[in-house]
Amino acid sequence: MATVSFSVNGEVRALKLDTRTTLLDALREHLHLTGTKKGCDHGQCGACTVIVGGQRINSCLTLAVMHEGETVTTIEGLGTPEHMHPMQAAFVKHDGFQCGYCTPGQICSAVAVLDEIKAGIPSHVTGDLNAAPQLTNTELRERMSGNICRCGAYSNIAEAITEVAGRRA
Amino acid sequence: MKSFTYEKVSSPAAAASAVVSNSNAKFIAGGTNLLDLMKLEIETPSHLIDVNGLGFDKIEPTSDGGLRIGALVRNTALAADARIRRDYGLLSRALLAGASGQLRNKATTAGNLLQRTRCPYFYDTNQPCNKRNPGSGCAAIGGVTRQHAVIGASDACIATHPSDMAIAMRALDATVQTARPDGSIRDIPIADLHRLPGDTPHIETTLTSGELITSVTLPKPVGGTHIYRKVRDRASYAFALVSVGAIVQRDGTGRVAVGGIAHKPWRVEAAEAEMPHGAKAVAAHLLEGASPTKENAFKLSLVERTLGAVLTEAKG
Amino acid sequence: MKFDTPATTNPIDQLKVIGHATSRIDGPLKTTGRATYAYEWHDRPASPAYGYIVGAAIAKGRIASMDLSRARSAPGIIAIVTAENAGKLGKGNYNTAKLLGGPDIDHYHQAVAVVVAETFEQARAAAQLVKVDYAAAKGSFDLSAGRDGAAKPPGRGDDQPDTTVGDFPGAFASSPVQLDATYTTPDQAHAMMEPHASMAAWEGDKLTLWTSNQMIAWTTGDVAKTLGLPKENVRLISPFIGGGFGGKLFLRADAVLAALGARAANRPVKVAMQRPLMFNNTTHRPATIQRIRIGAGRDGKITAIGHESWSGNLPEGRPETAVQQTRLLYAGENRMTALRLAMLDLPEGNAMRAPGEAPGMMALEIAMDEMAERLGLDPIEFRARNDTQVDPEHPNRPFSQRQLVECMRIGAERFGWNKRNAEPGKQRDGRWLIGMGVAAAFRNNLLMKSGARVRLDRGGTVTVETDMTDIGTGSYTIIAQTAAEMMGVPLEKVVVRLGDSSFPVSAGSGGQFGANNSTSGVYAACVKLREAVAQKLGFNSAEIAFTDGQVTAGNRSVPLGQAASDGELAAEDSIEYGDLAKTHQQSTFGAHFVELGVDVATAEIRVRRMLAVCAAGRILNPTTARSQVIGAMTMGVGAALMEELAVDKRSGFFVNHDLAGYEVPVHADIPHQDTIFLDETDPMSSPMKAKGIGELGLCGVAAALANAVYNATGIRVREYPITLDKLLHRMPDA
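Residue numbers (our numbering), protein chains in the order written: chain A, 1 to 169; chain B, 1001 to 1316; chain C, 2001 to 2734.
These aren't lab readings, by the way, just hints derived from the structure by calculation.
One or more hints might be untrue.
[Claimed, not checked] Here are the simulated SDA-like pairs of lysine to any residue, each with C-alpha atoms no more than 25 Å apart in a straight line:
id, chain 1, residue 1, chain 2, residue 2
1, B, K1315, A, L129
2, A, K16, C, I2078
3, C, K2649, B, S1136
4, B, K1026, B, D1057
5, C, K2138, C, P2315
6, A, K93, C, V2495
7, A, K93, C, H2672
8, C, K2098, C, P2186
9, B, K1294, C, R2147
10, C, K2528, C, R2608
11, C, K2138, C, S2065
12, B, K1294, C, R2730
13, B, K1294, C, A2734
14, C, K2726, B, A1297
15, C, K2138, B, G1137
16, B, K1039, A, L129
17, C, K2131, B, I1042
18, A, K93, C, K2138
19, B, K1058, B, G1137
20, B, K1002, C, D2067
21, C, K2726, B, D1233
22, C, K2528, C, P2006
23, C, K2206, C, S2502
Chain A with its partners taken away, still in its complex shape (with noise of 0.2 Å):
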């Protein structure tokens, strides 16, 4: 058993815990944060994508106890059914989802990768690694590849993302 705190959605939260507590595990059974899912545990699917210290992960591999003092974003923290997140909001207006397992994972991860590209991190489909990376479909599409939505919303959540975006723009 190990001790750790670190916060979550705002709010400080130490935990005693099996060393081998994933952080995913951490949040869904500990904390009851059910709203980061689990589809693979394996670092193969990204249901489980949360974000840390303003990075977006695979919370299955990663144990809890590394992340020490560390800020925790899940989707809960994004928002609630009352007062969505923008990107919330974006997947229903686009039906950017279906049965709704990958949802968390995919808005976590879409809500990072927006902040990436403003970073100017470059990416797989970039053309010029010397230049900054553009928000194009190509792009969205190649940074979103991570999370793995099998009911196939892929292109709704492509059109979700974009006019996120450009209201950020």
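Assemble chains B and C onto chain A, guided by the hints.
Just chains B and C, lined up with the frame of chain A:
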């Protein structure tokens, strides 16, 4: 996942002493491969030494015009570094072709080099695997082998190394710096880091017990056109069937390393002399001695054709 | 309510709510992480223990011995359940292989134990300590090797393994233009994002299961049968389901093992099947070998059409009915179909989205493309010449609606089909060879009894309860729209509660029958509620309007809620069907268009544009219907280009049993997708005049891609998936 104790170290000396005093310890940084394997009990450390606090997270110029990349620099940060993008485009491209944005945010430079094969028989603990359980046999041989090695394999193992980044590092002649538990440090040319499987496929690198990668150094830029071409069924978030990393100079000379075909990044320096003569000549030399299966023989022509496309692209 | 005459004008035809593009009413819950899936009911029951499944390490044979001693002494262990200590278990009506194996093992990764511990980490670690010695037996794992020995499976009602009309052999032999080609489709996985998961709690001999299941009534019955309980002692709760695609039609091991684990542990237990176990433990779409023969005159009219399909399954398993569509889709006087079934010891084959038609159309619609080319006809023209408005096996039985040719023509115009170069390999864009392909879409419309209960409270809120499920299909929303339309209230005044076995039995989610049937059941219940409201409010006129929250007849208007002023009003009914499906063939139709590029050097295939045109009765909600179709198109891209469970034919298992090995499309594979719904109502189908759409969207997509690959390269691949290694040796020099 077996139980383990966990400690976070803040100095190389503490890391060394931790690894010496725990017989079955492992270093953990990004954890994206290690934890994956620990869940399946393919890796079963009894003690984890978290090295994220060691400060090896900078990219610094070296005195001879190269760059020293800290072992803990994340794949995203490395790919996005302006100097890497400008002078070592191949490395940036290879990194960005790998995994997903989430994984690249966590995965480290050293961890990427040390990631283990994605052979499905290695991953299925019901199956014999000489890598996982030395002497048990290789279930992949005679099985489903579309993804497997076509060259440098052995009767004990036909697994491939999955890293994209390592292909670029190999073409760039990177050097790996390590620290051993006794405090000694050494430089390992990237060509000597990964081993072919031979009779001991469970020994994947030339690192010794408790040896820790501290940085990877790139020599001064060599110019040329940098291209990394990864071929896969799925357009993203997939391991390579074949990948070709190349640096091509204006006169047609250059370097080529190939991924997806062997137990280590595959580069044959002598084959590079053929580069001005085209892909066919290079591939013939590069793939000399290949022994593919019926299912993966396509990789031979795929390497040649991909290299051809890369050389054409380099000409502009 | 019995539906036995074609629908006439009814309140749904007002289309005040139905037919409008409406955002999902469950959207805010799903997008904010507040929707509760099976594993996530942490507040009830309190403090469940964790179960972890052990899967068999062999495909066929017996457990020689099991040693649980080390696992039993592991930290946190509460119980271990195996076939030996589980007590007598039955087998569900819908299961082929038993869900807890031992001593006999029927397939790889069949569950052999569940280990229950205080924490997930403890259960997972202890599961590794369960030592099982097996006596492996020789099995059959290779469909192509089993093809010759495949048997004729037993028929079921109208579904007979062999059909024949006219003289197929004679007509085919004398056809001036012929095609005789064999196609293969691989084993495929549902690979839904939420693993099979269940949480079980016992109160005495009463069991509550929070689970993830498409068919609540089937599964409640199979839980009871498997555990030897009276059905009324089993309660299933499944309001949110993280995808199913047919993989969650049935009771699966997670639910059985959660229940057994909870009984053994004497406390609630939850079990989520680990992803690497899912591919071999659960069901999959079986591989097929399909031989298609088409004979036609030089006028392009089909005179003979024959379709044979071979698939494999475990003993007692069913064949994949890949010839289904060929009995109905095209004209031709001489016809035959045949199904053959090989006994294989691979995991259980069963329904996956559009069973039968999905793999059948993958083959038939390549064959049609090949035949069109032989005839020198445009593939759309060839299909148009062979359109039929009647069941070709029974010419006195018309289709209720059939707009196949319209779908193709409208799609051709929208997609720019006339820009396609009929000569393959001639379009180039930089490094890409460009091709366009088309295929028909076809899937039958199935009618199933479906029930619902509707309640009205004094505030005018209408609550619908039915055991219907929403697996991402949009059931919550279209059911709310139906009730809103019927009761004349805004959508916000409707509450929908689904997926609970204490609610009236519905059609459930499968076979693209969910939307039409479940809303028809709600319609029926609402008709009853309207009558009850009218009676309560003292209206005796037949001309009563339910609009804007008011009930109006003549010049008297009363708020709807007033009918419940002295207590809630409730009504329950089911839709049941007469023989309209016998007198009229009910099917859905469409056309798929694809443009793609094939890398001239590597033969990598990347999709550029996609369009689906669908004629599927009334579209209840264009937003959710579109999502069903684009999702199906995405799954079709997977089927065409990457999805294959790779069989180790020596040991008998699917080797690529995780989401890294079994590749499904990612964002980068899927371009913007367009859909068009033809304006159609089908009065034969139901009072809703709707039909299914979720599977139609899949049927034909893969063939459209295959045909586009041919158009791009001139290479005809008849073995799915179409991966670069099948093209490379025939690609032109780059």
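Against the structure, test the hints numbered earlier, and report the numbers of the ones violated in rising order.
-> Numbers 10, 16, 18, 19 - these are the hints that the structure violates, sorted from lowest upward.
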